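S.K.: My request is simple: use the sequences and hints to build the entire structure.
Each chain, letter by letter, is given below.
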Amino acid sequence: MVRSITFTIDSHLANVALVAMSLRSICSLVALSPEELDELEIGVVEALNNVIKHGYDNTPGLPVTTAVTLEDHQVTVQISDRGKRIPAELLDRARTSCLDMDTDDLTKLPEGGMGLRLIISSANSLEYHVDDGINTLILEKIF
Amino acid sequence: MEPSDSDLVETTHHEGVLIVRLLTKRLDASVAPRFKTAVTDHIASGHQYLVLDLTAVDFMDSSALGAVVSCMKAVGSRGSLAISGAHGTVMKLFKLTRLDRVLNLHDTPEGAAQAIKPS
Chain A
1 MVRSITFTID SHLANVALVA MSLRSICSLV ALSPEELDEL EIGVVEALNN VIKHGYDNTP
61 GLPVTTAVTL EDHQVTVQIS DRGKRIPAEL LDRARTSCLD MDTDDLTKLP EGGMGLRLII
121 SSANSLEYHV DDGINTLILE KIF
Chain B
1 MEPSDSDLVE TTHHEGVLIV RLLTKRLDAS VAPRFKTAVT DHIASGHQYL VLDLTAVDFM
61 DSSALGAVVS CMKAVGSRGS LAISGAHGTV MKLFKLTRLD RVLNLHDTPE GAAQAIKPS
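If you read the sequences in order, they're chains A and B. Okay, so the first sequence: first residue is 1 according to the working numbering, each after it adds one. Okay, so the second sequence: first residue is 1 according to the working numbering, each after it adds one.
Calculated directly from the structure, the hints in this document are not laboratory data. The structure presented is a predicted model; accordingly, all values stated were derived computationally and were not measured. Please note that the accuracy of each hint is not assured.
Stated by the list, open to error - Here are the computed distance ranges between Cβ atoms for each label pair:
no.	chain 1	residue 1	chain 2	residue 2	range
1	A	P63	B	Q114	46 to 54 Å
2	B	M91	A	D105	21 to 29 Å
3	B	K25	A	T6	19 to 27 Å
4	A	D104	B	K117	24 to 32 Å
5	B	M91	A	G112	44 to 52 Å
6	A	M1	B	H13	51 to 59 Å
7	B	T12	A	D104	30 to 38 Å
Said to hold, decoys possible - In the DSS-like style, the derived pairs of lysine-lysine whose C-alpha atoms are separated by at most 30 Å in a straight line are:
no.	chain 1	residue 1	chain 2	residue 2
8	B	K36	B	K25
9	A	K53	A	K84
10	A	K84	B	K117
11	A	K84	B	K36
12	A	K108	B	K36
13	B	K117	A	K53
14	B	K25	A	K108
15	B	K95	A	K108
16	A	K53	B	K73
17	B	K95	B	K73
18	B	K25	B	K73
19	B	K117	B	K25
20	A	K53	B	K95
21	A	K108	B	K117
22	A	K53	B	K36
Note that the Cβ used here is the ideal one computed from N, Cα and C, for glycine as well.
M.R.: If you want it as C-alpha cells, here you go:
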C-alpha cells in the first residue's frame with residue numbers, strides 16, 4: 001500500500017525541526033531501522049537547511065514543501081521550493097567526492113560544505129530537477 | 001522568540017576544566033551560531049580546557065558540527081576540547097563525516113574532564 005502526506009513550512013531554520021520530527025513519526029509506520037531513520041533525518045534536515053540558507057538566502061516567509069511517501073520497503077521524501085537552484089557543479093562534485101576529510105591537521109578541518117555530501121550519503125538514490133522555477137529534490141530510502 | 005544563551009548551555013567546573021552542557025535536544029542550524037559564540041566567548045575569556053557535554057542532544061546537523069570544529073580550532077594547541085555523551089544521530093553524524101577519528105569522545109563529562117585536565 002502506498003501512503004503519502006505533504007506539508008509546507010515557512011522558510012525559517014527553526015521550522016526544519018517540525019519536518020524532522022514529523023518524518024520520524026511518519027516513518028514509525030514502516031520497518032525502517034533506527035539507523036536508517038537517523039540517516040534519513042540527517043539528509044532531509046540538510047536538504048531543508050540548504051533550501052532556506054542558500055536557495056532562499058535566509059529570507060523568511062517563503063514556502064518549502066515536503067512530501068513523504070511510504071511503501072512496503074521504501075520511503076521517498078520529495079522537497080520542493082522556488083528559490084535558487086543547487087548549482088549543477090556543486091551537486092556533481094558532491095556526488096563524486098567522499099565525506100572523508102583530512103583529519104591529521106586540525107586547521108584543515110572544514111567548518112561547512114558538508115551538507116550536500118551528507119544528503120547524498122543519507123539515501124539510496126537522489127534525484128534533482130527544476131521545472132517551471134520549482135526545484136525538486138527526491139530522496140529514496142530502501143529498506 | 002530567540003532563547004538566551006542560558007537556555008542553550010550551562011557551565012560547571014571539574015578538575016580545572018570548563019564543562020559546557022548543552023540544554024537543547026536539537027543542536028541544528030537554527031541555534032548553531034549562538035552555540036558557537038557562547039563557547040568561543042568562554043575560550044576567549046581564558047578557558048582553554050573544555051568539555052562539550054552532548055548528553056541531552058538527540059540530533060545535530062552539519063551546521064552545528066561546523067560550530068564544534070570552529071570551537072576546536074579556537075582552542076588549538078593552547079588547551080584541549082573533549083566531547084561527552086554523544087549518542088544516536090549525533091554519533092552517526094560524527095561517523096559519517098569521519099570526525100569521530102579526531103574528536104576526543106568520552107561517555108561522561110567527568111571522564112572527559114579527567115582525560116584532558118591541565119597538568
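S.K.: Could you tell me which of the hints above the structure violates, numbers in ascending order?
M.R.: Per hint list: 5, 10 and 13 violated.
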